[in-house]
Structures are given as C-alpha cells and as structure tokens.
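Enquirer: Chain by chain, the residues:
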Amino acid sequence: MKQIRTLREAVAQIPDGASIMIGGFVCCGMALRLIDALLEQGTKELTVISNDAGYPDKGVGKLVGANRIRKLIASYLGPNPDVGRKMHNGELLVELVPQGTLAERIRCGGAGLGGVLTPTGIGTEVERDKQIITVDGKQYLVEPPLRADFSFVKAHICDRMGNAFIAKSTKNFNVVMAMAARHTIVETDELVEPGALDPERVNVPGVFVKTIAWSNSHE
Amino acid sequence: MSDDNKELKRERIAKRIVRELPDNALVNLGVGLPTLVANFMPKDKTILLHSENGFTGLGPMPAKGAEDWDIVNAGGFPVSILAGGCFFDSAMSFSIIRGGHLDVTVLGGLEVDEAGNLANYLIPGKMVAGMGGAMDLVVGARTVIIAMEHVNKYGAPKILKKCRLPLTAQREVDLIVTDMAFIRVTPDGLVLEEIAADTTVDDVIKNTEAHLTLAPTIATF
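Here the protein sequences come in this chain order: A and B.
Per the numbering used here, the first sequence starts with residue 453, numbered consecutively.
Per the numbering used here, the second sequence starts with residue -14, numbered consecutively.
Don't take each hint at face value.
Derived DSSO-like pairs (lysine-lysine); straight-line CA-CA distance at most 30 Å [as the list claims (entries may be wrong)]:
| # | chain 1 | residue 1 | chain 2 | residue 2 |
| --- | --- | --- | --- | --- |
| 1 | A | 514 | B | 49 |
| 2 | A | 538 | B | 138 |
| 3 | A | 620 | B | -6 |
In short, the hints are calculated from the structure, not lab data.
In this text, all values refer to a predicted model and were calculated from it rather than measured experimentally.
Next comes chain A alone, as it looks inside the complex:
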C-alpha cells in the first residue's frame, strides 16, 4: 500500500532546493491543490519542470510570482508574461525545450534510457552545445534524459495501490512524469479501494507512485 496523505502532509516531504516535475498543460490536468499547499509551506529555490508556466494567478505561475523557483524548464510561456520579465531581470533561470523533446527527455528519464535522438531543433538555437549524430544520412540532436526528486501527477481516480485514471486531455505530461521522479505524488479527486478501478482504465501503473494526496481529505 502507498502513503495516503493530506495535501499538506504530502508536500511536507519536499525540501528547499528540490526539483519537481509538474504535469499539466496550461493548467489543464495540473495538481493545483498540491501547488497551493507547496506555496503555503514556503518551499523555495525549486527547479520546476513543466510544459508551461500556467497563468500568473494559477498553477506553476503562482510559484513563479512568489519567487519560489530558481530554474524553470518548460516549452511554452505564452500565457504568463511574468516569466519573461523575471528572466530578463535575472530573477529566474529558464531553459526552453521543444515540447516533444521535453516529453521524450522525461520519458527517457523514467525508462532508464541515456537520452533521445531527435531531429527537432537542428539548425536552431536549441542545438547549441549539443552533440549531433547522423543516422542513415539524417542529423539528430542528442538530448539528455530528465529526472527529478518529485513529480506532481493529477488523477481523476486513484486506487490505494497508486493505479491512476487520468481522464480526457488531462493525461498530457502526467503520464511520463509519473515515471521520472524518485518520489511521485498523485493528487486525486477520488480515492478508491483496489479492484474498484478497472485495470483497463489505468493510465499510470501504481508501481511508479509513492504518495497519494487525496484532494478531498481533511486538512
């Protein structure tokens, strides 16, 4: 059985300076309550890996606004102008990664692979300082795997074994991020007994999950 914790207890395990992968796509399928609990706890100097920085008042954007993030690794900053400003002022380090490369680097991290060869970014600033390998006459960039201390995964239903159902278009980065952290925390809307979640509906096998934070648990 996994650790079943309140949101507050779940984030209490995260120290200053930790790296965290946060699933979601412009706040869709993002563990917003875990982020709020982390914010309340005051954890700082974080490295955050997330597709985007959400909105200034929602999700990862709140952590940016409160200066809790030292480095952000993301693909898209469009809806959050705070990030660009903090980047220019030297308050925030940002590594921009093409979205497909970000997903694959995380998958590699979780799958025990040494990196990915991708044609994306050849001939652009993304290739700077990276090795290029030619396979069958075509050039590929060598992109290193990404791992993190923690990951936040948002599920609709999770059983006590950690098996998670992630509905509709909220799967996004949640699925690969569940594999790539030393400590994966699932924030779930509904917590059920083993057997109550049809194994055919599981998007994230419980083997990747360490802590289940039940959104509706009493704080």
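Since the structure of chain A is already known, use the hints to place chain B on it.
Expert: Below, chain B without anything else, positioned relative to chain A:
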C-alpha cells in the same frame, strides 16, 4: 486597414489553405490565424484535427456554460472531441507529430525565407513565448503551411532572402499563404503561383524581400 477588412483578409488566407488539405488528412492547426482554418472545413472531405496536448478529433468550442475544462486546445481553451477522436498523453502526441503520421501542420510565421526556413517563436529581448510544439510540428509534419499576413504591422516584408530572427526550423516550409499571395517553396527558391484578387504581381513583388519566381500562369484566389 479597417478591422473588418483585416478580418476578411485573414478569412481569405484560411479559406485558401482549406483547399490544400487532402481528403482523410490528419491536420494540426497552430494558435492564432491557423485556428481560423477550422471554421471553413470542406464538407466533401474528411479531415481529422490533431491537438498537440493529446487528442485527435478536435471539435468546436462548446457553448458558454457547457465547457469541459478537461478538454482544452493547445491554447488552453475549452474545446470538444468529435466522434472518432481519441485521447493520449504528450509522448504519444509528439510521436504522432515527429513520426511522420501527421499530414499537415498550419502555423503562423514572423519570418520565412527563400530556403524555407521559418522563424516564429522568439524575438530576442521582446517576445519569449517559447516554441511550445512548433519546432516538432515543423520538423515532423509531411506538409508545412505557413499562414500569415504578407507584411508586418509596420508594413515591412515578412518573406525575406534570409531570416533574421532565431529559427524555428531549417528548410521545412512547403507553402506560404498570405493575404496577398500563394507561394510554394521549391529547391530552386520561392515560386509565386497565385495572387489575391485585389492585388497585382508587381504589388506582391514590391512587398516581398525574397526573390520570387513567377509560375507560368498566375491564378487569383
């Protein structure tokens, strides 16, 4: 230019692009102008739209009050999924994009050049929106169509001899469709194939920095 006029010109671009979409194509539309293409989908063709955040069968925005915030488009706004679509995660979504399974991508552009290079994600010191899925889309899609206004808001050409902004991808653009022209990127450079009904070839050339080869016959759209 009046706002109405500007909207009509944007619609003209979208309607022309629709004619380029093959039957049974899987198509990804970028945010902004490319999204307009969805409003003019041909009735005689089956087109499946791909949403980079993780599904096929992208459908219209639901009525106000009926939104499902678990189904959003690449801009993060509520949309719907049509019968025949399905959901998947980001790694699968970009496997579809990079793996040669996506027939067409339509994206906006800041600059395109004679070699088919595209710049559309970064203006150093000004705009740091990030590339999102654009770099993967341009590299992965079989056909890359750039939908953009012919000149920028200062009236300067956006189709250049060589891009000056940081590139999104090298030599990947196939077609450029603007409010003035329909241009094909070939190994020998840019070929002007069609012009808009309210312009002239001379006018297009005057508003284009890149060299344009004229097609034997130039149609209007």
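Enquirer: Hint by hint, say whether it matches the structure.
Expert: For each hint, the structure was consulted:
1. A/514 - B/49: 27 Å, holds
2. A/538 - B/138: 27 Å, holds
3. A/620 - B/-6: 35 Å, violated
Figure legend: structure checked against the earlier numbered hints; the only hint not met is number 3.
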